[in-house]
Amino acid sequence: MKRILFFFAALFFITSGNLFAQNNEIHLDKSKMQLNAGTGFYSGGFPVYAFVDFKIHPDWTAGPQVNFVFYDYFSFILSGRVDYHFNKLLKIPDNWDFYAGATMGIDFSHHTAFSSGLHVGGRWYLNKTWGLNMEIGGGTYFSSTIGISMRL
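Residue numbers (our numbering): 1 to 152.
Hints are computed from structural coordinates only; laboratory data are not their basis. Please note that the accuracy of each hint is not assured.
[Claimed, not checked] Listed below are the simulated DSS-like cross-link pairs for lysine-lysine, each with C-alpha atoms no more than 30 Å apart in a straight line:
1. Lys-91 to Lys-128
2. Lys-32 to Lys-88
3. Lys-88 to Lys-128
4. Lys-32 to Lys-128
5. Lys-91 to Lys-32
Please work from the sequences and hints to get the whole structure.
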């Protein structure tokens with residue numbers, strides 16, 4: 001698992017060196033949304049996730065998130081998330097998006113429980129519609145995920 005994470009992190013930083021653009025705005029308008037989906041590793045399980053970002057401020061997004069986690073048993077986690085995007089603050093090229101945020105929700109597994117956590121992540125936009133995302137987080141569960149993003 002460490003080798004896979006290292007490979008994607010190295011690929012992420014190597015390809016970012018020659019991609020500088022002028023606009024440091026998040027790629028979402030207030031009236032638009034972004035869908036994200038993927039898979040990865042959870043502490044003790046295998047997740048499949050999906051979430052939606054709605055731009056609520058030039059540097060902030062919020063939206064719902066759904067995780068299906070396969071342990072020795074099946075877990076369904078429904079949560080909300082809020083992210084701060086560092087694009088303007090760090091003058092990051094517009095085909096990249098680095099963010100940090102928090103999630104809060106309910107874990108509907110064999111025992112219903114509160115779930116929360118913090119995460120950091122990034123996206124690399126391949127074009128105006130599609131991008132790749134990577135995220136690592138901790139809290140109720142440790143997670144490392146990789147997936148795709150689609151702007152609508």
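Hint check results:
Between the alpha carbons of Lys-91 and Lys-128 the distance comes to roughly 19 Å, so the proposed pair stays at or under 30 Å and holds. For a cut-off of 30 Å, the pair hint linking Lys-32 to Lys-88 stands: about 19 Å separates their Cα positions. Taken as a hint, the Lys-88 and Lys-128 pair is honoured in the structure, with Cα atoms around 19 Å apart against an allowance of 30 Å. Between Lys-32 and Lys-128, the direct Cα distance comes to roughly 13 Å. Compliance with the 30 Å bound is thereby established for this hinted pair.
Only pairs whose Cα atoms come within 30 Å are accepted, and Lys-91 paired with Lys-32 is accepted, the gap being roughly 23 Å.
Comparing the model with each numbered hint stated earlier shows that all of them hold.
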